[in-house]
Amino acid sequence: MEEVDKILIHALKQVGTEVSEEINSVQQFSSELIVEAVVRCIRVIEPGLGSTLSTSLPPGMSARFRVGMSLAQACQDIGYKGEIGYQTFLYSNEPEIRSLLMCLVEKLPRESAETSDQPTGKSVVLQRAIATAIKSQLAVPWLPQNCRRLLHIETQGPEALHNFHTQPLSLPNCTKGPGKKQLKAEHTGVISVCACMLSEMTDYQRDILPPLTSQPSHHVSLVASILEQHTAELSTAQEWENEWKSQGLLSCLSPQEYCAWKLSRLRKRIEEQLRSAALPSPESVFGGPRSTSDLSELLETFRAPSDHILTKGTHFTHTQKFTFTQESAPVTSIHSRHQSDSDALHQEEELASLQQQLQQLCNDVTQLTADMKHMSVTNTQVLSELKQREQGNSEKEEKMQVKKKTVDLLPDADNNLLKLQAQVEAGANRMVNLASQWEKHRAPLISEHRRLKEICSNRDLESSRKLSEIKSLHDKICVSTEEARKKEEMYKQLVTELENLPQDVSRSAYTQRILEIISNIKKQKEEITKILSDTKELQKEINSLTGKLDRTFAVTDELIFKDAKKDESVRKSYKYLAALHENCNHLIQTIEDTGTILREIRDLEEQIEAENGKKTVANLERILEDYKAIRQENAALAAKVRDG
Amino acid sequence: MELSDSVQRGLRSAANPSSFDQSGFQALVDASFRSLLSAHADPGVLDQPELKRIDQILLKQSHAAAATFILEAVKQNADKSLISSCFEELSFSAERIEIFYSAYQKHKKELEHLLASIGRRAPQINDVSWRLQYHMKNAQVDKVNEPFYLISLNTENQGSSEDINFTCTMEQLQDLVGKLKDAAKSVEKASQM
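Sequence lines, in order, name chains A and B. Counting in the UniProt record's numbering, the first sequence runs from 1 upward without gaps. Counting in the UniProt record's numbering, the second sequence runs from 1 upward without gaps.
Hint data in this document are derived by calculation from the structure and do not stem from the laboratory. The reader is advised that the hints may include incorrect statements.
Unchecked claim - Estimated spans, in silico, between C-beta atoms of each pair:
1) A:Val495 with B:Pro123: 38 to 48 Å
2) B:His40 with A:Ala232: 49 to 59 Å
3) A:Arg267 with B:Gly159: 51 to 61 Å
4) B:Glu98 with A:Ala232: 52 to 62 Å
5) B:Glu98 with A:Ile270: 45 to 55 Å
6) A:Leu161 with B:Glu98: 30 to 40 Å
7) B:Asn126 with A:Glu499: 37 to 47 Å
Stated by the list, open to error - Listing some non-contacts, in silico: residues in chain A with all C-beta distances to chain B over 10 Å:
8) Gly82
9) Lys135
10) Asn163
11) Leu212
What the hints assert, rightly or not - Below 25 Å or equal to it, Euclidean Cα-Cα: the simulated DMTMM-like pairs (lysine to aspartate or glutamate) are:
12) A:Lys486 with B:Glu2
13) B:Lys75 with A:Glu497
14) A:Lys492 with B:Glu98
15) B:Lys75 with A:Glu489
16) B:Lys106 with B:Asp182
Glycine included, each C-beta is placed from N, C-alpha and C at the ideal position.
Required output: the full structure, derived from the provided sequences and hints.
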């Protein structure tokens, strides 16, 4: 019973009943405690039913009685089948209360089921952490600024805040270089320059580059910069991974080749874009040729990777500067002169003439460039025409030579005809010969070709199959890493939950106890069967003994009865025998009677004990007292009514 | 905790006993924490006798990686198991993990403050004073007869206090109070997850 009581008390505590530490069994429950426990259980099981009940017993006797009645009704509504009434609560006896509480606790909704239904995941843990943090911060009282200490700065002290401002950081990369650099070197073909640059870079990184943490100009932006840099690196790596998995693998190239391929494609696209953008915008005749020439240079710089950009770039800027300064230089000089001079007439004239001249020159230049363009176009046209003509010329010359030969052959026509026919025949023979030879060579070559083709297609098939395999493997890897991560998270969450759970519920202890109890019961059962078999054996023995006795008696009785007719003394002994038999029967009867009486006594004793356990006398006394109290209350009420 | 390639490389070289001996590693960890926490940038943070004989590029790399790792760990509120699993993957010895973790624990609070100080914050209301006024009439209307409140909120932001003054009618004030109560309630609700 102790175990059951402990489990009951634990369950009641979980429901919210305040059971003090000293109470270890249901026997020690007071009426108030019983009422509270029952009401709380009912509230959990059926909130609608329990909300009308109060957890405490009122002091007035009649009110108590009413509470008891309503509680009994509620228990019956929930589905308690045993006998129940107000007396169960007010005049408790242990077994009844225990069975009632057990019924209620069984009806409690399973909390474990609830917890397993809760959505699990990282977000739940995070939200819980946030909730606890908010709770702890809410518990901290507000303090005026000058009373604040370091402890409160976190939550209340608005210390100096700064924006998330990042600056580019430069990391010393001595091992990252080779792959990329080599690529560049292949591309530009200037290996020595690269090597030189590399050594200079390492020198710079070794001697001059400050450590990462002192690179930002404001120390405040250090943290933001580092975090941003790291996130950027991570995201680029991830991006590359994604792209490589989705497209790179399909292209059947090594990563470096894929990079190069992508780079060239990108360049081509930029080139095209720029071309198409530059075409429709030749606003001035000046702008037209310049933009195209600049564009080509710009594209040159694109084509050359960053190493080259310095030299090429400067070239580009030079030309840019040149074209711009050409226009702006006279303007600025004119401006200055205009401002400084006061007797400007002469100079203005000069200026006007100069401007005119400039205008004219400009016009000349435009015309000339246009002319030049036109000329160059006509030049190319003429050149192409010339080529065409030359081609026609040579063709005609060939034709003429053939005709000339024919004309030469004409005088001796028959002879020549024969010769020609012979030649033609020989040519045809040779042709046939060659064709047969060609066939001879061709057949093995074609078969070889077919074989190779087959091999090629086989390889293609195999490679595509392998590719698909690789892809599926990649997918599998992704899925399993995801799963592993999820499981790890789940494990962590469960561990934290386990840590957060109250430690007093030791499941293993319970199961151990249950197992112990089961083993005890098994032992008891064994003993009972043993005793039962003993009893059966005894019964059998008794039966056999009585049978033996009966038979012996019958035989003896017959023998002695036969002799008794002849002899007087034997008759006497026969009488004795009958008396002995009767007496023995009596004795056995008495012993059996004693046994039944003893059993009855034991039963009665048990009954007495049970009745004693019900505390009938005390309860009767209490009922009497309560009855008196009710009468008093009634009397008081009647007096009040009378007075009123 | 995800780490980029450069950080992993830097930490791996820091784990390598042939490039960093025990005292060198200790000095590196100390320097990393110090350089993050000091109020001013100190270019000479790596000029220490223990770190003199290490290759400067390697040293700078490891220092950058360590600083990044520290910030990421604090950002994710990493506990000991997470840090040690990360470090074990990068082949750190148990002693080095212990060295790092003790320094990490010592400075974690300060680093959290450092991270928390990034951002902005609305001013906090410390106090309020009010006055109820009665608007009787004006140039246009002879009888207005409306009460209105003059509210002055004393706020505090980054240590400096400032007053926000405004007037509002009764309904507006009730609305404001209701909103404030709602806010308080939702914060309480959020704390009871």
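Hint check:
1. A:Val495 with B:Pro123: 38 to 48 Å: holds, 41 Å
2. B:His40 with A:Ala232: 49 to 59 Å: violated, 26 Å
3. A:Arg267 with B:Gly159: 51 to 61 Å: holds, 55 Å
4. B:Glu98 with A:Ala232: 52 to 62 Å: violated, 32 Å
5. B:Glu98 with A:Ile270: 45 to 55 Å: At 54 Å between Cβs, range holds.
6. A:Leu161 with B:Glu98: 30 to 40 Å: Cβ of Leu161 of chain A to Cβ of Glu98 of chain B: about 35 Å, so the range 30 to 40 Å holds.
7. B:Asn126 with A:Glu499: 37 to 47 Å: holds, 39 Å
8. Gly82: holds, 39 Å
9. Lys135: violated, 4 Å
10. Asn163: violated, 7 Å
11. Leu212: violated, 4 Å
12. A:Lys486 with B:Glu2: It holds: about 15 Å lies between the C-alpha atoms, which stays within 25 Å.
13. B:Lys75 with A:Glu497: Measuring from Cα to Cα gives roughly 23 Å; hence the hint holds.
14. A:Lys492 with B:Glu98: The hint holds at about 22 Å.
15. B:Lys75 with A:Glu489: Given pair Lys75 of chain B, Glu489 of chain A holds - Cα atoms ~18 Å apart, limit 25 Å.
16. B:Lys106 with B:Asp182: With Cα atoms ~40 Å apart, Lys106 of chain B and Asp182 of chain B exceed 25 Å; violated.
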